[in-house]
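Mind assembling these two chains? They're in different frames, but the hints should get you there.
The lines below spell out each chain.
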Amino acid sequence: SQTIHQWPATLVQPVGSPLSLECTVEGTSNPNLYWYRQAAGRGLQLLFYSVGIGQISSEVPQNLSASRPQDRQFILSSKKLLLSDSGFYLCAWGGAGGNTEAGANVLTFGAGSRLTVL
Amino acid sequence: RKEVEQDPGPFNVPEGATVAFNCTYSNSASQSFFWYRQDCRKEPKLLMSVYSSGNEDGRFTAQLNRASQYISLLIRDSKLSDSATYLCVVKTGGFKTIFGAGTRLFVKA
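Line by line, the protein sequences give chains A and B.
Position one of the first sequence corresponds to residue 2 (the working numbering), numbered consecutively onward.
Position one of the second sequence corresponds to residue 36 (the working numbering), numbered consecutively onward.
Bound conformation, chain B alone (with noise of 0.2 Å):
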């Protein structure tokens, strides 16, 4: 099982519409969440950290289930900028950080 599973892609949606991306990890002990963003041929950026309480940022949501061991993203009124692969992130003890093979987003007019 590998250690942070994510919805297999590409989603395609119309702008306006709300996506939802999901993320499973295999080890109960990780201490911090985190979903990135990346654009073709660059580097993941942050685009938030996941907090227990759920945590919002304009558009984006995200939520935290630690009993479930799993993790969301919601993006509400999607806009062709939104167009993205979407990593979700996971640190666990010491200093390892495990990425997720990502989730593609297309948003078409």
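If we strip away everything but chain A, and leave its shape as in the complex, we get (with noise of 0.2 Å):
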């Protein structure tokens, strides 16, 4: 079956420092990838996706970015955080799943890193 890992779950870090999460999918290949954010009280917010290798499509011009070096791999980086950046990030894959007329691309998600930025 497929698993999906974050990490890490929690951490708070100063503004201006660095930023570093890593997702990462077993039992599947060749998954369609995918950066959430989630601030306190909001909706999710799609910041990238990703079809393949090297492949990064974003959502939100901002001071993130994310990477895929590996087909199972997704991270998501920050070169100095702000502190609009704290919220809850969450990796999730899309593969097939349930009925065809839904189509592929149900999305299955990590449990989630939530940072603090003071």
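Hint data in this document are derived by calculation from the structure and do not stem from the laboratory.
Every residue gets a Cβ at the ideal spot worked out from N, C-alpha and C, and that includes glycine.
Where hints are given, some of them may not hold.
Across the chosen pairs, the derived CB separations fall in these ranges [to be verified]:
no.: 1; chain 1: B; residue 1: R101; chain 2: A; residue 2: V16; range: 45 to 53 Å
no.: 2; chain 1: A; residue 1: T11; chain 2: B; residue 2: S88; range: 37 to 45 Å
no.: 3; chain 1: A; residue 1: P15; chain 2: B; residue 2: R94; range: 44 to 52 Å
no.: 4; chain 1: B; residue 1: A55; chain 2: A; residue 2: Q71; range: 40 to 48 Å
no.: 5; chain 1: B; residue 1: S103; chain 2: A; residue 2: A40; range: 25 to 33 Å
no.: 6; chain 1: B; residue 1: N57; chain 2: A; residue 2: V13; range: 35 to 43 Å
no.: 7; chain 1: A; residue 1: D72; chain 2: B; residue 2: R76; range: 25 to 33 Å
no.: 8; chain 1: A; residue 1: S85; chain 2: B; residue 2: P45; range: 23 to 31 Å
no.: 9; chain 1: A; residue 1: Q71; chain 2: B; residue 2: G51; range: 43 to 51 Å
no.: 10; chain 1: B; residue 1: N57; chain 2: A; residue 2: L119; range: 32 to 40 Å
This is the structure in structure tokens:
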């Protein structure tokens, strides 16, 4: 079965420090991978998605970047964190699931990384 | 206009009640529709997909109206364990999956 791992689970970083969040998927190949952010009390905001190694699409211009160095690895980075970067970061993978009418790309999320920037 | 809009919460209902959540989406070319459940400080998890003909899973019923660009979720015989935030989710063309802001449900004894 497929599993998705994210780490670290929790981190507290000072403003201006770098960031690296990792996500890996097991049990599937060539998944579509996603990074979402959820600010406190808010909905999920799509940050990046990737359909293959080295292929990154950015949805929101900001000081974050993403990379996909391997098929099942997705990394979210920042060179200098801002206070507004605080939030709950969720990695997800999309694959076939459920009824064919719903199509592929039902998203399954990792447990998330909770970032507090001080 | 937001791409996916949901009822503002929270909904406070007694155990055993029936509660309905509504959701509208703006992109008429949207292809797939889902309801996710998110518990406090946890990741969202798929509750059910929404099919054109409507579908039911136990106490949960989902409906889709493509003409009105409207999705609903009905929960019958609410349980305490149903307390959570319910997210309306729409997949547009390509690979974008858009989440609504969510509706919080509190079921009380």
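Going through the hints against the structure:
no.	hint	in the structure
1	B:R101 with A:V16: 45 to 53 Å	46 Å, holds
2	A:T11 with B:S88: 37 to 45 Å	43 Å, holds
3	A:P15 with B:R94: 44 to 52 Å	47 Å, holds
4	B:A55 with A:Q71: 40 to 48 Å	44 Å, holds
5	B:S103 with A:A40: 25 to 33 Å	30 Å, holds
6	B:N57 with A:V13: 35 to 43 Å	38 Å, holds
7	A:D72 with B:R76: 25 to 33 Å	30 Å, holds
8	A:S85 with B:P45: 23 to 31 Å	26 Å, holds
9	A:Q71 with B:G51: 43 to 51 Å	50 Å, holds
10	B:N57 with A:L119: 32 to 40 Å	39 Å, holds
Going down the numbered hints, you'll see the structure goes against none, and every one checks out.
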